[in-house]
Amino acid sequence: MNEERREFIKKTSFGFLAGIGVTSGFFLNFLMEKTDTSLWADKSIAGTIRWGMLIDMRKCIEGCQKCVDACRLVHNVPDFGNSGYQIEWLQKKPYREVFPTSGEDFTGKERTGKSFPSLCNHCAEPPCASACPTQATFKRFDGIVALDYHRCTGCRSCMASCPYGAISFNWSEPRPAIKALNASYPTREKGVVEKCNFCPERLLKGKLPACVEACPEKTLMFGDLNDPKSEIRLLLEKNQTMQRKPELGTLPSVFYII
Amino acid sequence: MIENALKGNRPYWIWITLLLLVIAFGISAYAQQLRLGLSVTGMGDGVRSGITTMQFAFMAAVAASTTLVVLPYLHDYKPFGTIVLIAQFLGASASATALLSLFIDMGKPQLMLDLWRYATPQSPYSWAFFLLTGYFLINLVTGWATLGAERKGVPTAAWVKPLIFISIPWAIALAVVTGFLFVNFPGNHWIASLLAIHLLASAFAGGTALLLLIILILKKTSDFDAGREVTDKLELLVTYAGSCTFALIGLKCFATSQVLPLLWLSILLGIASISVFFVPTWKSSISWLIAASAGVVVSILAEKGIALLYSSMGGIVAYVPTLTEVSMTLGVLALGILFLTILLKAVVAVKTAD
Ligand code: SF4
Ligand code: SF4
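Chains as they are written, first to last, in this note's numbering: chain A, 41 to 298; chain B, 60 to 413.
Please keep in mind that the hints were generated in silico from the structure rather than gathered at the bench. Errors might be hidden in some of the hints.
Just a sample of chain A residues kept apart from chain B, beta carbon distances all over 12 Å, derived [to be verified]:
{"id": "1", "residue": "Gly103"}
{"id": "2", "residue": "Cys172"}
{"id": "3", "residue": "Thr177"}
{"id": "4", "residue": "Ile218"}
{"id": "5", "residue": "Pro256"}
Restricting the straight-line Cα-Cα distance to at most 25 Å, the calculated cross-link-like pairs of lysine-lysine (PhoX-like) are [said to hold, decoys possible]:
{"id": "6", "chain 1": "B", "residue 1": "Lys279", "chain 2": "B", "residue 2": "Lys66"}
{"id": "7", "chain 1": "A", "residue 1": "Lys179", "chain 2": "B", "residue 2": "Lys167"}
{"id": "8", "chain 1": "A", "residue 1": "Lys230", "chain 2": "A", "residue 2": "Lys149"}
{"id": "9", "chain 1": "B", "residue 1": "Lys167", "chain 2": "A", "residue 2": "Lys230"}
{"id": "10", "chain 1": "A", "residue 1": "Lys132", "chain 2": "A", "residue 2": "Lys99"}
{"id": "11", "chain 1": "A", "residue 1": "Lys285", "chain 2": "A", "residue 2": "Lys133"}
Just so it is clear, CB atoms sit at the ideal spot from N, CA and C, and this is done for glycine as well.
Only chain A is shown next, with the shape it has when bound in the complex:
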């Protein structure tokens, strides 16, 4: 066998093996998959919106906290430090905690070794909303899972039913723990829960959510999942993405590219 021929066989057989690998899920790519957006409404019902987010981890800088800080500032999120009573709307957490049911153990660290922004997924089938005894947690017309702080009785049923740990409870008076007060957004009181709200107060004014705006790398992409022409829809169609614990059927509106 001459050199050339040998090289050819080596390459083709490697390609063949790689092909089998991809289809049978040997490689990391199997964590992510293409979203079949044709399953979603093509806005046939006028006015239906479903806000969603796509987090592109290829751009996210390890150690950067700009989105987290912006969220804390805009929404008067108290900071209790490591007291065991922390309130988090948006936080960066290790892969193991964000995707505990997706395989990771034996893959390379370049994708899964980072910390991932994690927030409320604004699920299309939110278990938190069905658990709430007073409808203080409810799904809005635009897909946002919202919370009425005045109606919340502090029963913590929603926390028990959210599989993503996205809801925090005010174990004590939050106001003294707010670092810098933003007068344009309300503060909460002890005994109620709170979580990410997808910034409807900013969407109203035509602005993007605070975290999306704060990210210098454009890691966070926000848009209407029900609009086939929106940028987020095009990106979802083009890229392989993943959701948190998709097997639970909560239909998260937050997607990740890892």
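We have chain A already, so just place chain B with the ligands on it with the hints.
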């Protein structure tokens, strides 16, 4: 009838004073929680429920289990006639205790009535609240009406029986729904499919054992004696429901490796207690029987308590209840026992009058 609560011997008054003392401690602890928030408890990140929730779940189960006595009675099983009132009042007090436990666990208790106002059909918590309140009222009203009729020596009013009939499916719903609120078993395991059965069996075993315990204590401390046939039947019920429960707990041992020693402890204690019912010499001693029924109660409490060890996001957490939390929970328990004592005082007075 209620005036009987004000008549009693020395031990009775010592008992009442003791309960009032515990309640006073509980109230002062609760005042502190109102001021500082739920941070006065041992709960926090990853630990959403504590001993208060456990008391809620257990008391709801006890309340539901009283239907096991009411049901045979409705089918004209006469011997239970003597204790059906005790069962109903135990049902009422246990529901009240469960409701109060839920109440002191709320972040904003001032919104308690909103649970009625915005009642939500898809929320288990909403159902638990609704079922408990209803069960409390049904048992209290039917029990009180029956007792009044018995005192006057007239037949019970016609509306009482249909209400008691309603209480039976009510109790079954109660046992399952309140249990669902509390589930925290890790993973999506096949064991989850046995959940409703497990909740029912353990509720019936624990609750009936508690009822047996109360009847035995009454026998020891008052002139009231339910009779051998009743205690025998109750022991049988505890044995059936208990064996079922401990077999299901045994199955759980295959599904987890994290808390095995605790599960085994619960099973062994339960089986040891039940076997007392089979040994004739032990069975004839009240003290042994009291120990055995207490053993069943503790073993089921322990198994339910294991759920407290799991964190909301999986894994085991370190949860230690604070003194404030313990005082509050005991205060609620004492309030429930005080309520039961007053009701039982009326029952004993009427039953032993003739
Ligand atoms: S992520 Fe949690 S809090 Fe957010 S909508 Fe889903 S279940 Fe509810
Ligand atoms: S804690 Fe508040 S928002 Fe959550 S379920 Fe209870 S009442 Fe609803």
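Could you tell me which of the numbered hints above are not met by this structure, giving the numbers in increasing order? Failing hints, ascending: 2, 3 and 8.
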